[in-house]
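Student: Those protein sequence lines, which keep their order, are chains A and B. Counting in the numbering used here, the first sequence runs from 1077 upward without gaps. Counting in the numbering used here, the second sequence runs from 37 upward without gaps.
Honestly, the hints are just simulated from the structure, not real lab data. Where hints are given, some of them may not hold.
So, partial list: chain B residues that the calculated Cβ filter (under 8 Å) puts toward chain A [to be verified]:
#1 D72
#2 L74
#3 V274
#4 V283
#5 N502
#6 R506
Don't be surprised by glycine CBs; every beta carbon is placed ideally from N, CA and C.
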Amino acid sequence: MKRFLKKKLIIYLVTIVFAVTLNWLIPRLMPGDPISILLSRLGGPGTDQAQIESFFRRSFQLDRPWYEQYLNYWKSLLTGDLGVSIYLYPKPVAAVIGDAIPYDLLLMFPAILGSWFIGNRVGALAAHSRKTDSRVMPLLYALSAAPYFWLAVLLAWFFGILLGITPVQGASSIFILPSLTPAYILDFLHHWLLPFLSLFIVMAGQWAVGMRNLVLYERGSDYSRYLKSLGASSKLIRRYTYRNALLPQVSGLSIRLGQFLAGVVATEIVFSYPGLGYLLYRAILNQDYFLIQGCFLFIVLFMVTANLVVDLIYMLLDPRVRMSLTGEEA
Amino acid sequence: MSSVSSSYSHLVCCMLVVLSALIAVGCGGENALGTDVLDPAQTVTISGVQWAPPQIFNPFLINPSAGIDGLVYEQLFHFNVQTGRFVPWLAESGEWLDKTHYRIVLRDGIRWTDGRPATVEDLIFTYEIARDVPALQYSSIWDWIIGIEKTGERTIVISFNNPRYHKWDYWLCNIDLVPKHVWENKSADEIMGNANPGGVSSGPYRFGRALEDRMILVRNDDWWGNDIFGAPAPKYVVFPIVTSNSVALGSVMKGEIDLCNNFLPGLEKIKDQYGLITYYQDPPYNLPANVAILFLNSRTAPLDNPMFRRALAYAINSDHIVTQVYGGQVQRADPTGLINLPAWQRYRSEASVRDHGFSYDPRAARQLLDRLGLVDVNQDGFREDTGGRPIEFSIIVPNGWTDWMESIRLIAADLEAVGINAVAEFPDFSVYWDKLTSGAFDMAINNFNTKISATPFTYWHCVAYNEIDREKVEYGNYGRYGNPELFEGIDRFNLLEKDTPESLAAAARIQTILLEEMPSIPLWYNGFWGACSSRYWTGWPTEDNPRGVSTGWTDFWQLGALQMLLNLKPAEK
Chain A
1077 MKRFLKKKLI IYLVTIVFAV TLNWLIPRLM PGDPISILLS RLGGPGTDQA
1127 QIESFFRRSF QLDRPWYEQY LNYWKSLLTG DLGVSIYLYP KPVAAVIGDA
1177 IPYDLLLMFP AILGSWFIGN RVGALAAHSR KTDSRVMPLL YALSAAPYFW
1227 LAVLLAWFFG ILLGITPVQG ASSIFILPSL TPAYILDFLH HWLLPFLSLF
1277 IVMAGQWAVG MRNLVLYERG SDYSRYLKSL GASSKLIRRY TYRNALLPQV
1327 SGLSIRLGQF LAGVVATEIV FSYPGLGYLL YRAILNQDYF LIQGCFLFIV
1377 LFMVTANLVV DLIYMLLDPR VRMSLTGEEA
Chain B
37 MSSVSSSYSH LVCCMLVVLS ALIAVGCGGE NALGTDVLDP AQTVTISGVQ
87 WAPPQIFNPF LINPSAGIDG LVYEQLFHFN VQTGRFVPWL AESGEWLDKT
137 HYRIVLRDGI RWTDGRPATV EDLIFTYEIA RDVPALQYSS IWDWIIGIEK
187 TGERTIVISF NNPRYHKWDY WLCNIDLVPK HVWENKSADE IMGNANPGGV
237 SSGPYRFGRA LEDRMILVRN DDWWGNDIFG APAPKYVVFP IVTSNSVALG
287 SVMKGEIDLC NNFLPGLEKI KDQYGLITYY QDPPYNLPAN VAILFLNSRT
337 APLDNPMFRR ALAYAINSDH IVTQVYGGQV QRADPTGLIN LPAWQRYRSE
387 ASVRDHGFSY DPRAARQLLD RLGLVDVNQD GFREDTGGRP IEFSIIVPNG
437 WTDWMESIRL IAADLEAVGI NAVAEFPDFS VYWDKLTSGA FDMAINNFNT
487 KISATPFTYW HCVAYNEIDR EKVEYGNYGR YGNPELFEGI DRFNLLEKDT
537 PESLAAAARI QTILLEEMPS IPLWYNGFWG ACSSRYWTGW PTEDNPRGVS
587 TGWTDFWQLG ALQMLLNLKP AEK
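So here's chain B without its partners, still in its complex pose:
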């Protein structure tokens, strides 16, 4: 029976292959954890943060893995979104000495994970490396910084030629301090091409392990901040990749995930049953995090007409989206688009809204469209243009982004109700992004660069981004609306000292132009999507315990998320 014996030898061969594959799976990756099984009672798991296998642990690179910016590397300042105040972090203090000089005093006792102290030399290096390597995110600060001078053991003074006060505020919270002794003498390619696992850092957590399906950080027990802020209780922070909202929902219900930052459709129905904690007990459940905007292509007729764009703003019922699509988990946007948190609200102009604001009013929309001469000539239910030709728009969002898909279906129906033929379309993300950035769309929803920050400048910089003549426009203003007065107004706002009457007037002017011209329509504010479980941890931020925000998203650790982590306490069994 040769066939039988040969099939057995095949079987043995295959088992060897399987065995070696198993060993390869079992032994993959660098492990700095010293354990094979994490204790859930010592671990905080946060979903909806890491979406791709973690690869980048380099603070200089765009889009590093979860927690690298903020937990592993730290910034000079944090910003409290609830109070609208800066919180000194690595900096002991920072202040404008006069209009063009900013002084930073670094805290005493900051240590790198290799035991060396962090000094002002590191801080100076952190800034100067951006001058030498022009492809870093913050390299453009050197367009307006003249020089940096060390004036004391822990003090530097930065000189500006024309300081951009608001951009500076943003970067104070967003530049990671890096150790000079590790990164000096490296070429641009060495800096940009370095994944940097286990790099020397200063934060409360260190790189633990990067696996195909999760990122693991481990507590840095020698953190300099232990005496000042208190040591964080969780020993590990794990960011599992959970790309499907329904899988996230299942994991939350089972209590496997402590903090779910995936959008959970139907949260309002399961919240109480499973004891999930959200910032607010009732709708909208979470603090607002960013603005979803309907961008309009201002380079095609009739979208190039401000009156027509205004008619669209009247025609769209955002409240309907809030309740129908989101079950109350989001808030209708203010006409100015400025999120209702102190940092942005202090610049909101009531007068601009009173004189130029809009609200859902289909009758007003119809009147405006009639005045523009866009009427339904051929009685097909849709308006034609002044020459009698049909008008048709497409509204695009990425395929699979179900909440957005449902939203543009509602928008298309709203527009149809006033006689505008708009079709909801769902191309794949890559096609959507290509159309959006190259200006080959009619209407599209996006929110990538409208997140809450220390200053509304970041919002205006996005919706009225001024580099609109490039082949691809990636940052904002995808409809390529051009208006020198608006662009100059935003630049001027940036150049004025904060919170002065001139600054407020400049802000009001920007809001008025945006409302008169409607280059894009603010629709709703997405929340922080923080659904927390008290199975292992308590002390989550709520309305009554407003310490921090419940999120693990990149760039939010310094806006209150780290504060959340520092306040967690083990649940009592």
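Excised from the complex, chain A in its bound form:
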């Protein structure tokens, strides 16, 4: 167990160092100049552009040589300082991200878990019932292959524009202020519904398709047939096949997380939903080095943590993995 964790931790640490370095480098390789963009809407006739420009370059330390910028980046990172956003000057990056993260959690947790539970159950049902299989699966196949943003645009058009029953932009109405009141929570859910659905539907489709195939495979395996020949109830067989088929779906969770994050970014951009994805999009458009760095860092940390959690869950669920890793004999 300890060895397993140690190995995993080293791998994750190396990943983080690489990611953080790339994270620093890539925004700086983009053509353009964030300070210049900051000044693009500046002032009046006779404003001393050079003075203001040098003030900002100095205060963002962009006047230093690249290696010094890189070292400073690590230094401040290790002290928990993500710097100040250029695009949202003078707000610190950590505060900007802190404001955005709750929106992501509210979208992601229900979407990931909901789709995983529902999708797997629907998939298993389809594998056992021919009727469900022929009626539901074609639709699920189509949905599972749909790009997130495409479905998002489609939903926005249908429910938002055509039927006019859901808002298509933002996280709350103009006149309602964030507060823990029923009015706000209802309004929030109203805005949340479409972004949630566009993630949930695609993912549920993906899980269902995967689960259906896995269960069919398990049903054809020796132990199922043996159980059947022993006269076990179909309910019992279903339970066994379901549990065995679930394992690859758990590891699938960790593989799909990356894909899923991309989905969140696309969905948030479509709905101008104020989470990390939409923030990142605007940070990139404005070449805000520090905000891009901050967003990616969070995404990397999120991915690494989520993968670690999934690894651990997998280990708990499957005794074979646990034993093989800790050197125990089965």
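Based on these hints, arrange chain B on the given structure of chain A.
Tutor: Then chain B, alone, in the frame of chain A:
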């Protein structure tokens, strides 16, 4: 069934995470409003003003959030763009005593939101802080101000060594009065790095709340101007971020937005159906607000040749853009580029236009190009240069700016019609801006610093900006056209007393040079894009009720937008 029970405990965990996230969303931010739901009948919503989450409420900083300049902080003078006259605001009066002394009398009874009176000490501080902190927008006034003297309880006299009359006019309307007792003893970094939410201010509105997706101001019921100008009717002003024109259109149609300052393509088709009010009933619907200009890179051949640039001006059909792209919502620019409002028109030189003006005339363009020896040698439909090498240009505008994108497609087609190979390209804004400011482009449209003001000097300062040898040129003259006579002419205009015969002559000379040399081509005048809904509010500015301009854009509150707000009346139900 351990798997089931563990999945339930997972579920509970997740619900806890979701719940705490919900609480975080619900409780974010500073709330100075005292309510959780705004009454639409007490609120004016203005879209197309705030584009990024509001962060800056500091009057010293560039690009503060919507309403900070003008509604929250105020200036000495307003300027009425329709009449071309200054309107005393915080100042009771302001006048030149002689050529180098300007006297300002501050109004009596101005109060800060913390209850203290605003005094000439605050005014003097507002100017002097710019001397001590050289990175402020208006710090350069100290290049020509010698000193400020308090001559009475409410009076100061400013001494100049070489007054720039037109720049001074601009800053009279654009420097925000700040409270000395709040900002004194602060370092440059403390001043520049301060977001200043809820700061002490003097205007008719105060900071209310800044959210990710909107900026909210709340009425300052103790405003000093209530007795003079009347208190504004709307209790709240909300600036929602609406970045998509189609979303803006939907919100306008639903009546969720009272004043839409987003450009609405097809406004002419929906205007009457949804009862939207615009300044003019018919095209161009709105007053002109700024000039869209085609900047030409004068440092590359053959764009370095004035005759060639002139040929381009003849070749481009701006009327076509006005009707095809904008559905008549903009106006074709005058050859001088001077917007047809009194402040700029009084300096327009008819003689310069008569002798050197241009209009759409592709035949004249072809003749000029032939005379330059640029002919189509290889019969590919495009002219080659005098050495027989192909000429190709790119025209750039930022990706996603659909009206501009469509416009340069038309321009490219116009140029093709006279044998010039020009390609419309749409880089991302950051790349566009980088190319534009570093001089790495052929042709590009821009309008950032050509907005209507109290003086045409601001326009000339942009199109013939003289600091062109820097690595980045951010203010104007992106094509880096250099001409000492023009630069000196604009400086001289600035140094001459306004509305004198010498001043008019200097203005005419500037226009003549610009028309002879064509460093850039004025294309069309963008409007104020004010589409107003009378669902909750009436009294919007129109041709028949020309009180103010319908916009919430930064720097326009003092050009008539505040007057609009003060004239709004609740709609009768």
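Student: Now tell me, hint by hint, if it's right for this structure.
Tutor: Evaluated hints:
{"no.": "1", "hint": "D72", "verdict": "holds, 4 Å"}
{"no.": "2", "hint": "L74", "verdict": "holds, 4 Å"}
{"no.": "3", "hint": "V274", "verdict": "holds, 6 Å"}
{"no.": "4", "hint": "V283", "verdict": "holds, 5 Å"}
{"no.": "5", "hint": "N502", "verdict": "violated, 11 Å"}
{"no.": "6", "hint": "R506", "verdict": "holds, 7 Å"}
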